[in-house]
Amino acid sequence: MTARGITKRIGSIKFSCVSPDEIRRMSATKIITADTYDDEGYPIEMGLMDPHMGVIEPGLRCKTCGCKVDECPGHFGHIDLAMPVIHVGFIKDIKMLLESTCCKCGRLMLSEDQVKARRESMERMEELGGGTIDVKNFSKETAKDASGKGVCPYCGAEQIRIKLDKPTTFREVEDNHKLTAKEVRERLERIPDEDLVTLGIDPSTCRPEWMVLTALAVPPVTVRPSITLDSGDRSEDDLTHKLVDVLRINQRLRENRDAGAPQLIVEDLWELLQYHVTTYFDNQTSGIPPARHRSGRPLKTLAQRLKGKEGRFRSNLSGKRVNFSARTVISPDPLLSINEVGVPVFAARELTVPVHVNEHNIAQIREMVARGPQPVPEKPYVPGVNYVIRSDGRKIRVTDRNAADVAEGLDIDYTVERQLIDGDVVLFNRQPSLHRMSMMAHRVRIMEGKTFRFNLCVCPPYNADFDGDEMNLHVLQSDEARAEARILMQVQENILSPRYGGPIIGAIHDHITGAYFLTHNNPRFDRFEAMNILFKLDDIKVPEPLIDEKGEPYWTGKQLFSVVLPEDFRTTFKANICQSCKPCQKENCPYDAYVKIRDGQLLCGTIDVKGIGNSKGKILDRIARDYGSDRAAKFINQVTRLALGALMNHGFSTGIGDEDIPEEAALQISNNTQDCIDKVTDLVASYQDGTLEQMPGRSLRETLEVSVMGVLANARDEAGKIAGKHLGMNNPAVIMAKAGARGSMLNLSQMAGCVGQQAVRGERLSRGYWDRTLPHFEKGDLGAYARGFCSNSYKSGLSPTEFFFHAMGGREGLVDTAVRTSRSGYMQRRLVSALEDLKLTSDGTVRNTVGTVVQFRYGEDGVDPARTVRGKAIDLDDLFAEVLGDQADELLHVETSDIGGDYGTLEKDEMEYTEDEESEEFDDLDMDYESGGE
Amino acid sequence: MAAENISFNVLRHDLVPEHHLLTEEEAEAVLSRKGMTRDQLPKIRKSDPGIKVLESIHGPIDEGRVVKIVRKSETAQEFVAYRLVTRG
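Those sequence lines, one after another, are chains A and B.
Each residue of the first sequence is one higher than the one before, counting from 1 in this note's numbering.
Each residue of the second sequence is one higher than the one before, counting from 1 in this note's numbering.
Because the hints were derived from the structure by calculation, they are not lab data.
Just so you know, even glycine gets a beta-carbon here, dropped at the ideal spot from N, CA and C.
Fair warning: there could be bad hints in the mix.
Result set (BS3-like, lysine-lysine): computed pairs, CA atoms no more than 27 Å apart in a straight line [to be verified]:
1) Lys144(A) with Lys52(B)
2) Lys144(A) with Lys34(B)
3) Lys43(B) with Lys14(A)
Cβ-Cβ distance ranges computed for the label pairs, FRET-style [claimed, not checked]:
4) Asp175(A) with Ser47(B): 40 to 46 Å
5) Glu24(B) with Leu164(A): 30 to 36 Å
6) Val30(B) with Arg171(A): 43 to 49 Å
7) Glu24(B) with Asp165(A): 52 to 58 Å
With the Cβ distance kept under 8 Å, some of the chain A side facing chain B (calculated, not the full set) [claimed, not checked]:
8) Glu120
9) Ser121
10) Arg124
11) Leu128
12) Gly129
13) Val151
14) Cys152
15) Pro153
16) Asp843
17) Val846
18) Gly851
19) Thr852
20) Val853
21) Val854
22) Gly859
23) Asp861
The shape of chain A in the complex, shown without the other chains (with noise of 0.2 Å):
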């Protein structure tokens, strides 16, 4: 550790106030002049800017500790007030202790053995592990027990009510006496020590009247750096205007004082100083007017520096700006790895990875320097270096004119600045990082263009789309976090996901309908179709083809599927497309949808969604556990590379035309959604001449409602269903809904068939004016088509009534999402902030950093959810089905199909529930949004 520079350590910090007299101690000048400069521009002696306090002005020397700008620290001046004045920060604990302790002798008022009590219960606490936090609680208890009292329990004296006028002013309530702050002081001192460590103090790092000032640190100049303007002007820091506003009072107030002055004039100035000095700590103080600059903005003092959003913690400490990252727009390129991401030469020439010169690598790195930070000629790429770094800590820039002199000089222990070379290791990021999967580590590629790029699979965990997103790159500096990154943060590592235990990378969209080509109903590939699939992989063995009735050699879409499988691989699972008929018919599965694979062989069965896809993906989801993570992503990189090789020899695409339906089958859907508005004008009817039956627990209204909603839904349904009827298994928008990849039958019905109900909260439509939803209709219209019925599709279009109602059930799905993502991003801030520092220690327990137990067991049960299946520690059928093999079916009547079930239903599904909702009536808008909120 030492080797690192690291000579101490810090072994704890604490807060406390600081005393006049260390102030004074610690202080490198006494300030007494409000002037800065004198005539010739110089810093006058015991002024703001005296160079005692340090150095801003390069090639100057500190007159404290003669170092130069960089290395001296500064040091702090004083200003000896001529009144004490009270410290805004600490108003509250003054009021604390003027209140519960005697006015006259300045002891606590609570009896002896209330006192002891306190003090044995506080020792007590700290014993059982309270922390600072409940000792202060319990303090602030102790004082409100000992305030209020009429007369003091020791010596007697009688109380008087104080008042806190707001800000700084005490008063004494019954005389309206104000308390000077020299007062308040006395009082203060006058409080014994033993009675201070009753109320929570520490009399020995902080005495009360210290919050009283009698002297006025003034920080070094480092901290409020004055700034030359381009015409020669001086323009200092808002602290220092401030400083010299208090010396200014400050020297008229001892003047007027000495002199002997009316007691008015003093106190008036008094009243000033406080003043200043209160808007030196804090000029957003409620109750007084803020400080102001002579332009009318308000200064930026103390408290400014530190506060809000854009403070010194939040924006400078929190969200610090980092150098060996990159940050542009990012495109697909489904022939990278899932762990790669493609960087633009321009950005790999800027990030460097610094590399340690040794006698095994000097030559190496020699010729490198010698290339300089632009290596001609620019193709192909070869990294070159932007930085030398000697032993001795000195840094050299190499620029094409020096490359050939530096390389000359390069020698052992020095460290140099390389340029991206493919494979490195980077971090990836996209905001919001919502999960540890936003942040993963990727290889590096080296690319031509200006855009990150990576592969499709790994667009869920990002949450990434192309249609401008950007992301950030973070190259990794040191051994260590290269080593971390790699085992923790890699891709392939993030594979499944510890929100369900179930994969979150995995084939998606076009993937699943190329692998759906690939295996559904096993067609036959020759010899040209076969090779031109497969030479898109590496590391595989082609299988041995069968032969046609011709003698031509040819191999089935399960065959070339199998390729990719490890050799010994077995599971059994129905696919998306499954019907889910009774029985089921198992192998001989009219759908083909039954998938049986024994010893890396795909014996029947279509794979889709359910077999690679992302989050549903049985065969990944098994890969990924039993074979380990890289051979999942050796499986994912090929099953895609596959399964567009299929997709591109079958080719595909979809179009407004898949949707168009035959003449008849229109005629049956117009007919069958007029016959269910029949149905509703007539329960209409049935309500308003009294004959409707009441439901159980409902008014009259409210089974209308009802009772028409379901009508008008099952007309929806039932159009949906004679349409889905002549669309067919061959229409590609059926094969992508039915096969996973994209888009529902639910978003086909309402593009061939019929829209549907639109609905508000719930409910059908009943806003707009009055008893009618718009002034077509007539006022206490029921009927289907005044409250918001659509039945038009959106391929026939919709009528302005349709449509204006459309736009209704719209907009109540975009406020809610608007909602939504505001109030969870808040939820997740508040979670995040209360279990940011627990962590597991190695006995299982979880922990915060005081070390106290917050849970005794991890998850109760100290199992990681990304090990578990879909949340279970262990799949019990699963080892069943691995022991007794295909016996465990028959023996066990295990529902193969259920094994690994729907996990990822419950967030992830309802997420594309609302996902789903939102584009079936917004489909069109779904892009304008989108991009609206980037």
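Position chain B relative to chain A; hints supplied.
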């Protein structure tokens, strides 16, 4: 449970886990088994309704006593936690 002087025995409620007061020996045994010190235990206030019920059975409970809480767990069927009685 003999808890007559308590108006409502919260421990009988379905959603309230079992609370057991440990003797000093038991508490020491638990602490040494877990390798923890008293101040590292989670806390429970003396004014907690659960402690009030225990007090009606065992008599006054001092600060620093340890309470064993057995609750139903979604992940581990039954889960045992310990809490330190503190002021309040």
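Structure versus earlier hints, numbers of those that do not hold, lowest first: The structure breaks hints 2, 5, 6, 8, 13, 14, 15 and 17; every other hint is satisfied.
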